[in-house]
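Single-letter residue listing:
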Amino acid sequence: VSETRERQRADGAATSAPPAAGTMDLERFVRERRGRWARFESLLREVERLPDHEMGAARLLELVRLYRQTCSDLNEARSATAEPSLLGRLNHLAGRGYRVVYRRSHGRRFAGEARRFFTVVAPAAFRRERAFVLGAALLLVLGTLVGFGAVLADPANAERLLPPQFHQESPRARVERIEAGDERVDSLEAASAFSAFLFSHNIRVSFLAFSLGALTVVGGAWILFYNGVLLGAVAAAYVLDGVTVFFLAWVGPHGALELPAAVFAGAAGLRLGRALLLPGESSAREALRQALPSVWRMLLVTVLVLVVAGLVEGSFSQMSAKTIPYSLKITVAALLFSGLLGWLFVRRLPEEET
Amino acid sequence: VRAARPRTIVTPEHVEIRLDPAGLGSRFVALVIDLAIVLGASSVVAHLALYALPPALGMLVNALALLLLSWGYHVFFEVRAQGQPPGKRIVGIRVVDGRGLPLSVEQSFVRNVVRVLDALPVGYALGALSCLLDPQRRRLGDLAADTLVVREARTVDFERRAARARTFNSLRTPRLLRLARHRVGLEEREFIRALCARGPEMDDRARFDLMEEVARHYRRKLDVEDPHLSGESLVRGLAAVLFADRLSPGRVR
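Protein chains in written order, with our numbering: chain A, 22 to 375; chain Y, 848 to 1100.
These aren't lab readings, by the way, just hints derived from the structure by calculation. Beta carbons are placed, not taken as given, at the ideal position from N, Cα and C, and that holds for glycine. Among the hints, erroneous ones may be present.
Chain Y is faced by these chain A residues, among others (derived, beta-carbon under 7 Å) [said to hold, decoys possible]: (1) Ser63; (2) Arg66; (3) Asn112; (4) His113; (5) Arg120; (6) Ser213; (7) Leu313; (8) Pro314.
Please build the complete structure, drawing on both the sequences and the hints.
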């Protein structure tokens, strides 16, 4: 029976008159292609998760063939009907196929990729975007100088710039209290809880600064400058009270990492913001695609540096001179700072990628 | 609030593919589901870390795991599961690159970093505002990474949803078939098909009124004289004659 039916259908296809202009037998259109679409969908489900090299030649060829056919089915259906469910389904299938056929091949293993990130990829990104890193650092330094100068010129400016908690006791009184009493962080538990709070908070804040820079440029630049002003004002207050060394020893060890991290996040934001708002000759979309690879690497480095900075700030930075002498703390600060910059900007990179 | 407008991409095969932006509601539901999953997972991790490890180490491990979960969850699923974290999969929406391609790690990373800004000042207010103002329903993170959250077409069984063949159909007469062939144009056929397919989703009252109105038109147009035939029967009968009646000798092409 099925054989005769097949023959009838074949005959029908061969002898039926071509449809009148502008009309199409949708029923038949769907019936003839339904199997193909179903196969395409199941093939897509299989292939979407596979890396390219595991796909195999046969599957790849079938995929491309089915994709092309579905595209032409979509075109044909569009010219003949407005039926939303049919067009929607074909559009969805073609879109999914497009995403697989034109995807970027990805492939290397995670461990190798992670090692390469630290040795090559991250430093290369920072060197490529050194102009932005330098610009962000200058904004921060400029802010620091302004804040420092303002408080030196008139100590009353400290009260205008800094929040009221800061003025409850003078810097010198604070130094004496802290150095005379017990250690503020007296157990491992307290240190780890404080560190955990610090790095979670700092990462959130740096992401915020990045976002503002990426979407407005001016906002990101302002955050960098303003943080510099606050830092400069605090530093000047300590310097005026004659406790400069204390300040360096208490802020230095984590500041040596946190300040660069703030600059990195700010620089990444400015880089992306420039691509989005001032793309120049290319379209914003193209400029964005060029910026993204270095931007996300800079952000990832920011996160890692902030985690380490949080650990340092929650434990080492909190130790008074009774436990760790100031000279050692300042030395560690200098080592951390030069180590970070050396890793990112000075160390020679392998030839393969710059 | 601006109306949503689909983005059209043209593939190298010169086929246009439409990307329909997902609405604020479905995105919100997906987000709530994903947040619930992250919260559940992180409370499990917290219990494990604080019970199994000494307290100092436990707290650190817990904080790091929390960091990894809350930032990594979205990035991981958006990259590995073709733009569909579990919440989005359940709701039927997907994150794609602005050009219709799968989104890259860097795009996913950036759009999720900007999440902190979208979440401000409270409850994703800024992100929601950006969604409503942008015709492609992008939040700030989507703008910064050129990504798009699109609606997936629900797989509809085309044959079953459309007009069904009817066992008894008083409209199946040679005269009516001939009239239908000449007088019912292509667009009208599409309309009748869509009406039958969507009828069950309509409010009863609205369906009745609409069917009666359409039936009145075709009673005149096709000289159907049977006054006892309800509007819905007439429309469905007509749809069956036009599309599904395989046995009918004068089946309209």
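Evaluation of the provided hints:
The interface hint given for Ser63/A is broken, as the beta carbon of that residue sits about 12 Å from the closest beta carbon of chain Y, more than 7 Å. Annotation: Arg66/A was flagged as interfacial toward chain Y, and the flag is violated, the nearest CB pair being 10 Å apart, outside 7 Å. A cut of 7 Å between beta carbons decides the hint on Asn112/A: the least distance to chain Y is about 5 Å, and the hint holds. Annotation: interface hint on His113/A holds; nearest CB of chain Y at approximately 4 Å, less than 7 Å.
Proximity of Arg120/A to chain Y holds as hinted, the smallest CB-CB distance being about 5 Å (cut-off 7 Å). With 7 Å as the threshold, the beta carbon of Ser213/A comes within range of chain Y, its nearest partner Cβ sitting at about 5 Å, so the hint holds. Taking 7 Å as the C-beta contact cut-off toward chain Y, the hint placing Leu313/A at the interface holds, the least distance being around 4 Å. Nearest Cβ of chain Y to the Cβ of Pro314/A: about 6 Å, under the 7 Å cut. The hint holds.
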